[in-house]
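Colleague: All chains should be modelled from the sequences, with the hints used to inform the complete structure.
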Amino acid sequence: MLGKCIDNVRKNVPLVHNITNYVTVNDVANVLLACGGSPIMSDEPDDVEDITTICGGLNINIGTLNKSSIEGMFLAGKKANELGHVVLLDPVGAGASKLRTDTAVKLLNEIKFDVVRGNISEIKTLALGSGTTKGVDADVADAVTEETLDSSVAFVKSLAEKTGSVVAVTGAIDLVADADKCYVIRNGRAEMGKITGTGCQLSGMMTAFVAANPDAKLEAAAAAVCTMGLAGEIGWSRMQEGDGNSTYRNRIIDAIFNMDAATLDEGAKFEIR
Amino acid sequence: MLGKCIDNVRKNVPLVHNITNYVTVNDVANVLLACGGSPIMSDEPDDVEDITTICGGLNINIGTLNKSSIEGMFLAGKKANELGHVVLLDPVGAGASKLRTDTAVKLLNEIKFDVVRGNISEIKTLALGSGTTKGVDADVADAVTEETLDSSVAFVKSLAEKTGSVVAVTGAIDLVADADKCYVIRNGRAEMGKITGTGCQLSGMMTAFVAANPDAKLEAAAAAVCTMGLAGEIGWSRMQEGDGNSTYRNRIIDAIFNMDAATLDEGAKFEIR
Amino acid sequence: MLGKCIDNVRKNVPLVHNITNYVTVNDVANVLLACGGSPIMSDEPDDVEDITTICGGLNINIGTLNKSSIEGMFLAGKKANELGHVVLLDPVGAGASKLRTDTAVKLLNEIKFDVVRGNISEIKTLALGSGTTKGVDADVADAVTEETLDSSVAFVKSLAEKTGSVVAVTGAIDLVADADKCYVIRNGRAEMGKITGTGCQLSGMMTAFVAANPDAKLEAAAAAVCTMGLAGEIGWSRMQEGDGNSTYRNRIIDAIFNMDAATLDEGAKFEIR
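Residue numbers (the numbering used here), protein chains in the order written: chain A, 13 to 285; chain B, 13 to 285; chain C, 13 to 285.
Hints were generated in silico from the structure; no laboratory data involved.
There may be inaccurate statements among the hints.
Stated by the list, open to error - Derived DSS-like pairs (lysine-lysine); straight-line CA-CA distance at most 25 Å: (1) A/K79 <-> B/K90; (2) A/K23 <-> C/K206; (3) C/K23 <-> B/K110; (4) B/K193 <-> B/K281; (5) B/K90 <-> A/K110; (6) B/K206 <-> C/K16; (7) C/K91 <-> B/K110; (8) A/K91 <-> C/K110; (9) A/K79 <-> B/K281; (10) B/K79 <-> C/K79; (11) A/K206 <-> B/K23; (12) B/K79 <-> B/K91; (13) B/K16 <-> A/K206; (14) B/K193 <-> B/K169; (15) B/K79 <-> C/K206; (16) B/K110 <-> B/K174; (17) C/K79 <-> A/K90; (18) C/K229 <-> B/K110; (19) C/K23 <-> B/K206; (20) A/K118 <-> A/K91; (21) A/K193 <-> A/K169; (22) A/K110 <-> B/K193; (23) A/K79 <-> C/K16; (24) B/K124 <-> B/K90; (25) B/K79 <-> C/K91; (26) C/K110 <-> A/K79; (27) A/K91 <-> C/K79; (28) A/K79 <-> B/K91; (29) B/K16 <-> B/K229; (30) C/K118 <-> C/K90; (31) A/K90 <-> C/K110; (32) A/K16 <-> C/K206; (33) A/K110 <-> B/K91.
All figures in this text were calculated on a predicted structure; none of them were measured in a lab.
Modeller: Here it is as structure tokens:
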């Protein structure tokens, strides 16, 4: 059951090293605390190896990358691989610039990732060297819909097989797959797209979930997606007249803070294909 | 009517590239989403030209500038000029340090800006190479008041003529002018000064407004100022006992999220001089 | 009385230069505004000396340090010393990496700090060149408890004597000491540890308090600690069902915004040893 995965986060309190963008970093930290993990941020090449050594997981998010932080990503990733730590890649904006695409592809080649999480356009860019990305949001033409679901599931499983990573594609319908099995998840609300960084927050939280459940990585990644989506539903149910995306951001993090195994198991909407 | 300007933002969903400070960047992103735009942040010189190419507007804010991001500002600005994109300058802290003053002046000389937005001290620094700036807030001695209004309007129009940009000076009374026409705006509340980054948020939003209304830049910039000020009034009306500046920040962004053309047209308080 | 210290902040509106991490910087700025100060952020070596010159206090926080910002810390610190400004050190993560430990120790050797504030593990690292730091949170083994209070008070006073700084160690029980006198403070709530950056926020606010009360540095630092802890208590009392750490963050800053001298004097829980 997915609920057990969040219980393990709260019990193990995984320390997660984040090399992440400065846009949403505060929310990533607060979401990690909300779900029961503990965050630390460091991108300086001279600092990252020591920091990642004391952590249980590493979350690499390439938004607002720069030359120095890119160097930090490779150093931290290799060290985390050496130590057998969980490593996650969030290829923010892959496809939107040559630097981002090249960096994401090179990271995927040189680092072993336990999980890769992005929107469909970013993941297609990684997989195919193509796909269109409209900034940091997925292109409508790429969207996972009921109509494209079969082929999307096959695509995600195939990328998971090729990379040996759990692949998580999030959007209106979320897909979380390894080579054999794909969680098709229908939690969440469209209004979450009106808050900056719900994807970044999910990547941070997912790193904690997988680090705290090393023997059930696929299930843990799916549990993180369901937690985020369900928190989006619960948070929305608490919105009042006049509230907007800023309050919604707070409500979602609050809902994660209050999430327990029973709520998650009852509210998670998924099928396995 | 100003209301049409926000309708156009929601209809066109302009993608705005922000090179902005790390203090208020999250709020800038959420305000852009709240008003109907879409944000992307990038300051790395090797990344900015690709990123700005896929956007409709570029918001250059010099707060927390560094050598690398300054290089990014010039590269992105020149590329955006080449492509005919809307470009805005927010000279945060011009007058407070030599680096900030020099960078702002050099940007103004080498990049064609559609809009320059700042507080009166920053704008005076740009215009006259003088003015006193108390950190990132305007100096009281520079303030636009009913007493200094005539000369302030003349000053702003004259700078607009000289630069060919729309010039927006925000404070207790806001002025938004081109060479011929000046909106004198009296929306907003003094308590907005107790929240960090309402100016940065406005610059991001203004870039989206002008990008979505290319044939009415002056009006679009004025509409953004009225939207921010009116959101400050609406947000304040929702404050409860015990609330303070952190909740007020959320309430203002929420009010932008819920702003529609009719509310804006009814609530905007301006005269044209 | 401690209440007078916050009155002085609101009266003098100290401008505080912050070289601080990008994780919690927005909250630091809003807390500084909430307590009556004014924030400015700058870490670029070419910018920091000018910026610190116009300020009354300098807050150096080494979280997310990088080569350039480290250079900025030394330049700003030396300039602030020259000018007789208040300077505070927050050694975030000292003990967690060689770079952080070395940077904190070198800063302490080369800059004269009016105040050093951290958790017990960070402060022990500074004092003894040892101590275990679990990321950015204190190690349980180091905790200040009723059982270890006598020795902890002696330790903090001794470090204050050795460094000539006020030393503030925050945790379940907070200690704020100079060589002769130690405030033992019991405000606050454990749930504050579930919000990222309450320590960073306190460091920013403490810089403003000490800058506004130059003749009563120890008392001012203790007043800042009591303000933060009491705001945590007041903020918690306003939490509603379903609220979590994100709303709690807002409530704490709101409570600081509304704090007055009488509330502080009535709510402060401390003894002097």
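Colleague: Taking the hints in turn, state whether each one holds.
Modeller: Against the structure, the hints:
1. A/K79 <-> B/K90: holds (21 Å)
2. A/K23 <-> C/K206: Roughly 15 Å separates the two Cα atoms, so the pair holds.
3. C/K23 <-> B/K110: violated (29 Å)
4. B/K193 <-> B/K281: Answer holds: B/K193 to B/K281 is near 16 Å, not above 25 Å.
5. B/K90 <-> A/K110: holds (18 Å)
6. B/K206 <-> C/K16: Judged against 25 Å, a Cα distance of about 21 Å means the pair holds.
7. C/K91 <-> B/K110: With a Cα-Cα distance of about 16 Å, the restraint between C/K91 and B/K110 holds, given a limit of 25 Å.
8. A/K91 <-> C/K110: This hinted pair holds, its Cα atoms lying about 16 Å apart.
9. A/K79 <-> B/K281: With a Cα-Cα distance of about 47 Å, the restraint between A/K79 and B/K281 is violated, given a limit of 25 Å.
10. B/K79 <-> C/K79: holds (13 Å)
11. A/K206 <-> B/K23: holds (15 Å)
12. B/K79 <-> B/K91: holds (19 Å)
13. B/K16 <-> A/K206: holds (21 Å)
14. B/K193 <-> B/K169: The hint holds at about 7 Å.
15. B/K79 <-> C/K206: It is violated: about 35 Å lies between the C-alpha atoms, which goes past 25 Å.
16. B/K110 <-> B/K174: holds (23 Å)
17. C/K79 <-> A/K90: holds (21 Å)
18. C/K229 <-> B/K110: Violated. C/K229 to B/K110 sits at ~32 Å, over the 25 Å cutoff.
19. C/K23 <-> B/K206: holds (15 Å)
20. A/K118 <-> A/K91: holds (16 Å)
21. A/K193 <-> A/K169: holds (7 Å)
22. A/K110 <-> B/K193: With a Cα-Cα distance of about 43 Å, the restraint between A/K110 and B/K193 is violated, given a limit of 25 Å.
23. A/K79 <-> C/K16: Violated, at about 48 Å.
24. B/K124 <-> B/K90: holds (8 Å)
25. B/K79 <-> C/K91: Status holds; Cα separation ~20 Å.
26. C/K110 <-> A/K79: Holds - the C-alpha atoms of A/K79 and C/K110 are around 22 Å apart, at most 25 Å.
27. A/K91 <-> C/K79: holds (20 Å)
28. A/K79 <-> B/K91: holds (20 Å)
29. B/K16 <-> B/K229: holds (12 Å)
30. C/K118 <-> C/K90: holds (12 Å)
31. A/K90 <-> C/K110: holds (18 Å)
32. A/K16 <-> C/K206: holds (21 Å)
33. A/K110 <-> B/K91: holds (16 Å)
Hints 3, 9, 15, 18, 22, 23, counting from the list given before, are not met by this structure.
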